[in-house]
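Which chain is which? The protein sequence lines are G and R, in order. For what it's worth, this note's numbering labels the leading residue of the first sequence as 1, then goes sequentially. For what it's worth, this note's numbering labels the leading residue of the second sequence as 386, then goes sequentially.
Since the hints were derived computationally from the structure, they do not count as laboratory data. Because the structure is a prediction, the values reported are computed rather than measured. Keep in mind that the hints are not guaranteed to be accurate.
[Stated by the list, open to error] Covered stretches of chain R, going by a simulated chain G footprint (3 or more residues, C-beta under 8 Å):
(1) 398 to 410
(2) 453 to 464
(3) 490 to 502
(4) 557 to 565
(5) 646 to 660
(6) 723 to 734
Where is the CB? At the ideal position from N, CA and C, for every residue including glycine.
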Amino acid sequence: MTRTGFVIANLWRKKTRTVLTLLSIVTAFLLFGLLQAVNVLFSAGADFIGASRLVTQARVSFTQSLPIRLLPQIESVPGVEHVMWQQWFGAVYQENTQLVFLAADPARLRLVYPEYVMPDAEWKAFEQTRTGMIVGRNLANQHGWKIGQKVPIASNIFPQQDGSKNWTFDLVGIYDGKDADWQRSTNVGWINFAYFDEANQFGRGLAGTYTIKLADEDQAERVAQTIDAMFENSPDETKTQTEKDFNIGFIKQIGDIGLIVRWILFAVFFTLLLVVGNTIAQSVRERIPELAILKTLGFKDGSVLGFVLAEAAALCVIGGLLGLAIATPIGVAITRATGGNLPIAVDGRVWVVGAIAILVLSLAVGLLPALRAKRLTIVDALAGR
Amino acid sequence: MLKQILSITQLGIRSIPDRLGPSLVIVVGLAGVVAVFTALLAMAAGFQSTLESAGRPDVAIVLRGGSQAELNSGISREQGTIIKQAPGVAQGADGLPLASAEVVVIAELVKPGEKTGSNITVRGVEPAAFTLRPQLRIVEGRNFTQGLRELIVGQGVAGQFEGARLGASLRMRGSDWTVVGVFASGDAFESELWSDVDVAQSTFNRQGYSSVRLQFAGAGDLQMIKDALSADPRVNVDVETEEQYFSGQTEQFRKTIGILAVFVTTIMGLGAVFAALNTMYAAVGARAREIATLRAIGFRGLPVVVSIMLESLILALIGGLLGALAAYVLFNNMVVSTLGANFTQVVFRFAVTPELVVNGLIIAVAIGMVGGFLPALRAARLPVTTALRAA
Chain G
1 MTRTGFVIAN LWRKKTRTVL TLLSIVTAFL LFGLLQAVNV LFSAGADFIG ASRLVTQARV
61 SFTQSLPIRL LPQIESVPGV EHVMWQQWFG AVYQENTQLV FLAADPARLR LVYPEYVMPD
121 AEWKAFEQTR TGMIVGRNLA NQHGWKIGQK VPIASNIFPQ QDGSKNWTFD LVGIYDGKDA
181 DWQRSTNVGW INFAYFDEAN QFGRGLAGTY TIKLADEDQA ERVAQTIDAM FENSPDETKT
241 QTEKDFNIGF IKQIGDIGLI VRWILFAVFF TLLLVVGNTI AQSVRERIPE LAILKTLGFK
301 DGSVLGFVLA EAAALCVIGG LLGLAIATPI GVAITRATGG NLPIAVDGRV WVVGAIAILV
361 LSLAVGLLPA LRAKRLTIVD ALAGR
Chain R
386 MLKQILSITQ LGIRSIPDRL GPSLVIVVGL AGVVAVFTAL LAMAAGFQST LESAGRPDVA
446 IVLRGGSQAE LNSGISREQG TIIKQAPGVA QGADGLPLAS AEVVVIAELV KPGEKTGSNI
506 TVRGVEPAAF TLRPQLRIVE GRNFTQGLRE LIVGQGVAGQ FEGARLGASL RMRGSDWTVV
566 GVFASGDAFE SELWSDVDVA QSTFNRQGYS SVRLQFAGAG DLQMIKDALS ADPRVNVDVE
626 TEEQYFSGQT EQFRKTIGIL AVFVTTIMGL GAVFAALNTM YAAVGARARE IATLRAIGFR
686 GLPVVVSIML ESLILALIGG LLGALAAYVL FNNMVVSTLG ANFTQVVFRF AVTPELVVNG
746 LIIAVAIGMV GGFLPALRAA RLPVTTALRA A
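If we strip away everything but chain G, and leave its shape as in the complex, we get (with noise of 0.2 Å):
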């Protein structure tokens, strides 16, 4: 018998027990790798934007809108190569379901952002139709918009002239992302701001928040303080800050949501540490007498050791890869379920957080028992001392 044949034998000698503690490490870690992906949500959500772009807000608020009129302005400064700005539409389609729409200038919109991808067709089209509007393709299958649909949009903030909230839009493109991440964040609907500027009913020539492509990123900081020195003391003071951290700012408002699903992962482990290592050290101690005789036929200490630590390894590897490689669908699925509004990705990053979990778990809980294996003395331990 090899030695591994001898510790999977071991493990499946008392095969309830073993089934048992498996499916606890199982959900344990399925629990584990979702929250772990929340809190990768929550701390580093942003990485995949970069740092090429900044937003210039209003100083006392994003809410508040800064004026149209700023535009030659921040143009003017050296390190900026495009500017755009959007102004939030406050979109609700159907009953209640809010939708995150932004208005915006198709052509500018195309240069600040070349991460979306559409066919160059949709963009002339976008440019050209004053009604138009394009939706991420998220978006799109959610709520299953075609292109040439008209789509009644309400706006919880803007009436049209007549006082009328309901407003219509022709869908004229749906655009991708680059890249995966790009693709999880194609949410947002954005509808042309000349046509939307003109059939409001009030806040003309209001432009909202402004997004600056930098020619070169090492400059951010310059031209953000460049930007806010022009404005400051006049009552359009501005607040310029990258793309990034405009967004992480916007997560951490969310709250201390971060700091409680720490602590129900860390409840989770340390419920899972205890489950696990009182299995592991009765099954041990249930077996003193039998190690005591290996170590009699000649296994070294170190060997007796290798065995009880290969079996906790075994359990938390097996339960633990389980257990991530379910939370990875349900994850994917809860994406879609909420149609992507919580982008709970089990991936890469989340992996080998939890690779770092079972490598930790399987020492804490193997390392006491195994060591007390190994200090066994032959004599004692067949007595039954």
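Given chain G, put chain R in place with the hints provided.
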């Protein structure tokens, strides 16, 4: 029969110290499940009570039609006057309608040592606003003076953000505001900064209001206000009680947290069931001889089943209680904040209510039952002779 159950259970419980490790697994497992469940729902409960106690059943809030939240709403000065004069609005001692037209804007305040700001509601109010919210009182300093750039800050934000404390000055849209007082209300308003409505309008370049609050006497009066305003072509507004308004705002949050709690508890609970099964199978295994002996001297199967389930239940209950206690000690009254419907921070406290604790214990008991049942069956079916001969 009862006597048999009692004596076997007693035997089992007395031998728990010998099997302390495995028994602790049930206790800790259940403590984890119940603590997580209770803490999550305590967060939802705290948020709900903070917002809902801000809403009064005898005050109506008027927003522009379809706005859903004060932030999105806009009402012109003329419309504000029309709304205040609607029939059904109660009158104050001075003969004027008991109504407050208010403007809501957002300011970004920074916590000390942080780079990114948090959205805080700045609410410009009319004098009647204080009559409409009798729960609100100044606890430090004084009220703002009309016409001056003065602010009073809610207790929830006071001291948490740079510039939000008595005597400090805050810079918004190129002008400086002095904080002259701190107020307490025990609800969502504590997360706001208040000032004079006219000063707020001029500073933030707003022509009109965000909302109008109206005091009314009874349900009949509310209907009168609604009828009058919906018949008037000059205004297009939604009228509801403050109570309904705030209750609607908590719905999404409660739903989200509720789903999360059920999801996490289910998976953790499943893990706990496996752990409990493991422990109880081990317990039955360790006591196989003893149980067989009892059977041999005439004890019946049922008392064995019941007593093993009881043991599992007791351990689960202890775990549940510990978990609820941990949730209470760690989380009760913990102050957290999140984004509310106005896109601004709502500061609230976790509330571990007796109801949540009871629900947590019910979950613990259920898991204990499931975890005890199969092992108990195995114990009762143990072939007496083999068990006696073994070990």
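Against the structure, the hints come out as follows:
| no. | hint | in the structure |
| --- | --- | --- |
| 1 | 398 to 410 | holds (count 4) |
| 2 | 453 to 464 | holds (count 5) |
| 3 | 490 to 502 | holds (count 7) |
| 4 | 557 to 565 | holds (count 3) |
| 5 | 646 to 660 | holds (count 8) |
| 6 | 723 to 734 | holds (count 4) |
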